[in-house]
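*Asks:* Sequence:
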Amino acid sequence: TIFTQMRDAGLLTRSLNGSDYEGFCWPGPSFYPDFCNPEARALWATFFQPEVYPHSRPELYTWNDMNEPSVFNGPEITMPRDNLHKCHSAGYDVEHRDVHNVYGFYNHMVSVE
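If you're matching positions, the sequence shown starts at 1 in the numbering used here and goes up one per residue.
Calculated directly from the structure, the hints in this document are not laboratory data.
Do not rely on the hints blindly, as some may be mistaken.
Simulated restraints, written as ranges between beta carbons of each label pair [unchecked claim]:
#	residue 1	residue 2	range
1	ASP8	GLU113	40 to 50 Å
2	TRP26	VAL102	21 to 31 Å
3	ASN101	TRP63	14 to 24 Å
4	SER89	GLN5	33 to 43 Å
5	GLN49	TRP26	18 to 28 Å
6	VAL102	SER19	21 to 31 Å
7	SER56	ARG7	18 to 28 Å
8	ARG57	ARG97	36 to 46 Å
9	THR46	MET66	14 to 24 Å
10	PRO50	PHE24	30 to 40 Å
11	PRO58	ARG97	36 to 46 Å
Quick caveat: nothing in here was measured; it's all calculated off a predicted structure.
Here a beta-carbon is modelled for each residue, glycine too, at the ideal position from N, C-alpha and C.
Could you put together the complete structure from these sequences and hints?
*Replies:* Structure (structure tokens):
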């Protein structure tokens, strides 16, 4: 699954304590790709390739919804500001408060790529 691949590659957003962040959204318990991480974006882009996504076609339109990111049990209906991202660095040292707006942008950007 997409989740398993992202988790096993260590490409999910982390909680302040360093564990993979789990929030709650439409499908229930949810984990969030770290779109700030170039490796996560590279893997995400592969999921839209015709040989991976069976419904892919040249005119594929994808709706990236809830990428604020929406977290129904989070503060302010988003992930905690002190969650950690790996943004072009060796470790998870960038807090969500510093990349909240670019998180959604990166989600859209990589889905097009």
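*Asks:* Run every hint past the structure and note whether it holds.
*Replies:* Now for the hints, and whether the structure bears them out:
Distance hint for ASP8 and GLU113: a CB-CB separation of about 22 Å, inconsistent with the stated range 40 to 50 Å. For the pair TRP26 and VAL102, the supplied restraint of 21 to 31 Å holds, since their beta-carbon distance comes to about 23 Å. For ASN101 and TRP63, the hinted distance range of 14 to 24 Å is satisfied, since their beta carbons lie about 19 Å from each other. One distance hint, 33 to 43 Å for the beta-carbon pair SER89 and GLN5, is violated here, with the actual separation near 22 Å.
Distance hint for GLN49 and TRP26: a CB-CB separation of about 25 Å, consistent with the stated range 18 to 28 Å. In this structure, VAL102 and SER19 meet the distance hint of 21 to 31 Å, their C-beta atoms being roughly 23 Å apart. Between SER56 and ARG7, the C-beta spacing of about 23 Å keeps the proposed range 18 to 28 Å intact. The hinted range of 36 to 46 Å is satisfied by ARG57 and ARG97, whose Cβ atoms lie roughly 39 Å apart.
Restraint check, THR46 to MET66: a C-beta distance of roughly 21 Å satisfies the suggested window 14 to 24 Å. For PRO50 and PHE24, the hinted distance range of 30 to 40 Å is satisfied, since their beta carbons lie about 33 Å from each other. Take PRO58 and ARG97: their Cβ atoms lie about 39 Å apart, and the range 36 to 46 Å holds.
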